[in-house]
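I would like the entire structure built from these sequences, with the hints used as guidance.
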Amino acid sequence: MDAESSVSLLIVKLKTLFPAADEGATISSWTQKRVLKAIESLQLLIKNKKPCLDSSAGGEAADDEARFMQAFYSAQDAINGLAIREEVCQMWRIDPVWVTILTVTTFPFSSFENLRLRSLFSFGMNKFKRELEIRGSSSSSSSSYEHQQQLVEVNDTGPSFSPYQGGYSTHRSQQQRWARISDYFCAEDETDVLGLERQVKELLHVLIPEHHGINDADVSTKKIVDGYEYARSSGEEITELPIPEQEGGGDALSNEEEESGRCQSSSTTTTTTQVIALIGKAGSGKTTLARIVYNRVYVKRHFTKRAWVHIPIMSMVEDRDVLADILKQIDESLLKVEATLSAEELMWRITQALDDSTFLIVMENAEHQKSQVWDSFLGKLCSFTQCGKIIITTSSTEDFVEPLGAAFSTLHVPGLGKNESWELFLKKARIAEDVLQSRSSELIKLKKQILNICDGLPLRVVLLAGLLSTKQPSYEEWSKVIERANGDNLVALCYQDLPAQVKPCILYMGLFPREYEIPVRRLIHLWCAEGFAPPDLDLIASEEDLAEMYLEELVTRHMIQVIRWRLDGSPKTCCMPGVLYDILRPKAEDIGFLYHHHHPQRLNSSAKSLPKFAVRRLAANLGSNSFPYSSLLSWRLHSYLVFDSRIRGTPAKQIGIILGKCISKRRLGMLKVLDLEGVYKPMLTNNNALGRLPFLEYLGLRSTFIDSLPDSTPILFCLATLDVSHTKVQRLPYAFWPSRHLYLNWIFLATNVFRHPQFVKWETSLQTLWGLCIKADEVQSLDYFRRLTSLRKLGLKCSSTTSTSLKKEIIGAVLQLSELHSLKLICETPSYLPLLEMAEHYKLQKLYLSGHLPPNSVIGDRSFPPNVVTLTLSQLRLEYDPMPILGRLRQLKILRLFGGSYTGEEMSCSSGEFPNLLVLKLWKLNRLRQWRIKEGAMPCLRQLEIRSCGYLVPPTGLKHVTSSLREFLLTNMPSTFGSVADIERVLGINVYVRMNQWSSSSQEDHY
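Be aware that the sequence shown starts at 1, since it is given in UniProt numbering, and climbs by one per residue.
It should be emphasised that the hints constitute simulated quantities derived from the structure, not laboratory data. All figures in this text were calculated on a predicted structure; none of them were measured in a lab. Please note that the accuracy of each hint is not assured.
As the list claims (entries may be wrong) - With a straight-line Cα cutoff of 20 Å, these simulated PhoX-like cross-link-like pairs (lysine-lysine) come out: (1) K572 with K587; (2) K448 with K480; (3) K448 with K471; (4) K13 with K37; (5) K427 with K448; (6) K448 with K418; (7) K572 with K427; (8) K445 with K480; (9) K427 with K380; (10) K380 with K418; (11) K418 with K471; (12) K959 with K824; (13) K15 with K33; (14) K728 with K775; (15) K797 with K775; (16) K824 with K793; (17) K934 with K924; (18) K300 with K201; (19) K445 with K427; (20) K728 with K653; (21) K380 with K328; (22) K37 with K15; (23) K612 with K587; (24) K653 with K612; (25) K775 with K843; (26) K471 with K445; (27) K612 with K572; (28) K824 with K808; (29) K305 with K328; (30) K808 with K775; (31) K959 with K924; (32) K824 with K843; (33) K380 with K305; (34) K934 with K959.
What the hints assert, rightly or not - The following label-pair restraints were derived from C-beta to C-beta distances: (35) R927 with R890: 41 to 47 Å; (36) E517 with M995: 28 to 34 Å; (37) V980 with R564: 25 to 31 Å; (38) E345 with K612: 42 to 48 Å; (39) P473 with T976: 56 to 62 Å; (40) P954 with R786: 45 to 51 Å.
Idealized CB from N, CA, C, for every residue including glycine.
Dropping the structure here:
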């Protein structure tokens, strides 16, 4: 984090934490003057000087940077001290219980008198400003800083993030959310495989020798960005982007040769190959090559069981975790794997499941999984003669031991040729070559320099294209960047060009393990809790809106990779590409931004390496042999993330113990984030640890299986996000209700929450309320829902004891909430779900309705939101065909008709209906017999799933959707429906047809 980012963070913190400085309402005149003066002086410094240091320079530069960061943290602590003092006063006025707690937890600030706080604030801010001035003058006069100044000059031309630019709007509708990336990264039918055509054919021939004659375009598309997916497997941990060898043998061929697109292969045999190693440098496209082939329709048909295993480099991964992942993928009837199974037991189950079947297993970074169990497992897999194939991606086969008795083949994946590199660059830069030439005749002259920088590596191509896509397409703008870019500093250059507000967001991802798949929902809330996306006082955009914009910015620049997309076009999970992680995480640790206690390099080292600075963000792993010593948990700690790689069954008692010890020693008073997602039973209720964290903003307990939350906890006034979904928590104490985002586990509404004097303030700020139950005749809840004017996401269940009249009133109150974006309504029988009119809900995009409608209910044009994208209906018992009405929803992309939603025998889709539908699921429609599809209906349908429709015969007109359909899934369908071969003859070779037979226990009951 450079000086500009540091100063920007302090300015934002001063502005957002002290809005009263402008209003003159709650803080002293001295504080107002000092805050405004500090903001003014910092803004002047950042306007005139933007010094930047590169820790890789070593020597004086590294010492200089350490001194600067110490000054920055002093200023940050000074601001925090003043902020805490003001918040303590407010909390004390609201709830006197906090007097004793704050005296302990906010040490040293709670004991400061006003005079001492003023001195601390003045000292900290002056120290930071002096350091900025010294650095600014020295960096401008010292020739040793030439390289750093070059990066600064690029940063000077870089964008300063503004919601008004780049298509952003503070009033974005749901259709506009994620549109900047979803249209490009998800919605397109990406079939081009730039530079990999020959490799694809050759790998297919090795996998399936009889492949000749099969259409090479039969792709069951997974979202692969132009034939390139970030190389999540990149061999050993690297510090710079690798350069392919240009001469002499190596793993990559010269880009001067147009034959670079051809795979170089060697094998012990061409007919019985069982293990195929794809060898290539980081960013060469070997993972993408494997992914393309893995998703080919013909490959899916040939191999009845498939699994893709990703083994993170330099991460704590147990054999058991990898084996459990394989078992889940190859046997879909085992939706849940017993947590107590050992690696040997899992291995035995896998070998039994694969016996006498054709299987394909892809292993990323297999050479990094070294153990006796793993070697034995590979040997057993290879003993299935002619039945299966194993693909491994690796940077080198030197450390990989060939399985005993296996036929072994290697395919070398070189870099892209010049033409392919240029084509990929243009697409990633989002500009056509003719447009490039028409904009500036000189701009095309930069082509040679761009190709030299990229050197045939797709990773470099997309990074440079993403960087230049943020600039005006002019010779002057692009040449400024290109002159300072080379393969070795490209990641650093991309980072320095980021808007100052976005830099801490990507550094924060270094807290997660390498190549960790992070839910976007989780990441957005973490950024907001840390204050990286504070709401602009002059705009209406919320913190979450700004955080989403920051994520879009990073994805557009290809510095974050979206791993999984939702079918509505929004990102579901993401990660930082491994190559960027290897460079940015150590940098973040060097400047004291975060500390990775469980990082493998540190755990394997004999020396106890302590951080240079007081730890402010800490990540730990319960699966490692060591746990953070208490010296790392100081009062300066802001974020504490814990990951659990242990076998489930043993509660994580260490969490409660260490929190209790630290709090008793007057530590953790400034903790904002406590993220224990996935940690098994962290035992937080023993010592009321949560009640000693007054400034906690994010509490992540998802999938922890905890039984309850502490009752004695005082009200957590600062709590913004509480996530207890997938736990056993059945009651939410009123102390946790101030949250803006509540992810619950179908918890009953606590009546005592209505009696609290601060209730009115909480309800107007609540944005997410997911997983709430209403008990019988809970009349108070009516007024509660009427006042949730800011609510965006609501998941509500009315219990079976709730009367129909009360349900109608509650749902009527819910439908008055005009800001809703997502709504899930479940009404348990025997009472009815009232027929709804939702035509005025223009912002509502996701709707889930479950419950019995009154007899003879008929849906109409006003029954559903006009802009709904995802619609799920269950147990409605509609008697008339709903398709004519649903087909008029122009924005609908996902439609799921679950058990009991329709009770008729016939269904028809006419021409022009469902113009944008991508996914259709028909589950447990027990009376449905005939389904007619007219030509022109569902022209964009990509996935069709029919499950447990026992009387349904093959749909009439199924051939009309073959041009777009990619996958047809049939589960628990009778033999009269037809065989896979029968359906394939109708749909053709470009559609993957799969049949499953699952036990009733493996299916969701309410469907």
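Structure-based check of all given hints:
no., hint, verdict
1, K572 with K587, "violated, 27 Å"
2, K448 with K480, "holds, 15 Å"
3, K448 with K471, "holds, 19 Å"
4, K13 with K37, "holds, 14 Å"
5, K427 with K448, "holds, 17 Å"
6, K448 with K418, "holds, 9 Å"
7, K572 with K427, "violated, 24 Å"
8, K445 with K480, "holds, 14 Å"
9, K427 with K380, "violated, 44 Å"
10, K380 with K418, "violated, 43 Å"
11, K418 with K471, "violated, 23 Å"
12, K959 with K824, "violated, 34 Å"
13, K15 with K33, "holds, 13 Å"
14, K728 with K775, "holds, 18 Å"
15, K797 with K775, "holds, 9 Å"
16, K824 with K793, "holds, 8 Å"
17, K934 with K924, "violated, 23 Å"
18, K300 with K201, "holds, 16 Å"
19, K445 with K427, "holds, 18 Å"
20, K728 with K653, "holds, 17 Å"
21, K380 with K328, "holds, 18 Å"
22, K37 with K15, "holds, 12 Å"
23, K612 with K587, "holds, 12 Å"
24, K653 with K612, "violated, 29 Å"
25, K775 with K843, "violated, 29 Å"
26, K471 with K445, "holds, 17 Å"
27, K612 with K572, "violated, 36 Å"
28, K824 with K808, "holds, 15 Å"
29, K305 with K328, "holds, 11 Å"
30, K808 with K775, "holds, 14 Å"
31, K959 with K924, "violated, 23 Å"
32, K824 with K843, "holds, 15 Å"
33, K380 with K305, "holds, 16 Å"
34, K934 with K959, "holds, 10 Å"
35, R927 with R890: 41 to 47 Å, "violated, 29 Å"
36, E517 with M995: 28 to 34 Å, "holds, 29 Å"
37, V980 with R564: 25 to 31 Å, "holds, 27 Å"
38, E345 with K612: 42 to 48 Å, "holds, 45 Å"
39, P473 with T976: 56 to 62 Å, "holds, 60 Å"
40, P954 with R786: 45 to 51 Å, "holds, 50 Å"
In this structure, the hints that do not hold are numbers 1, 7, 9, 10, 11, 12, 17, 24, 25, 27, 31 and 35, in rising order.
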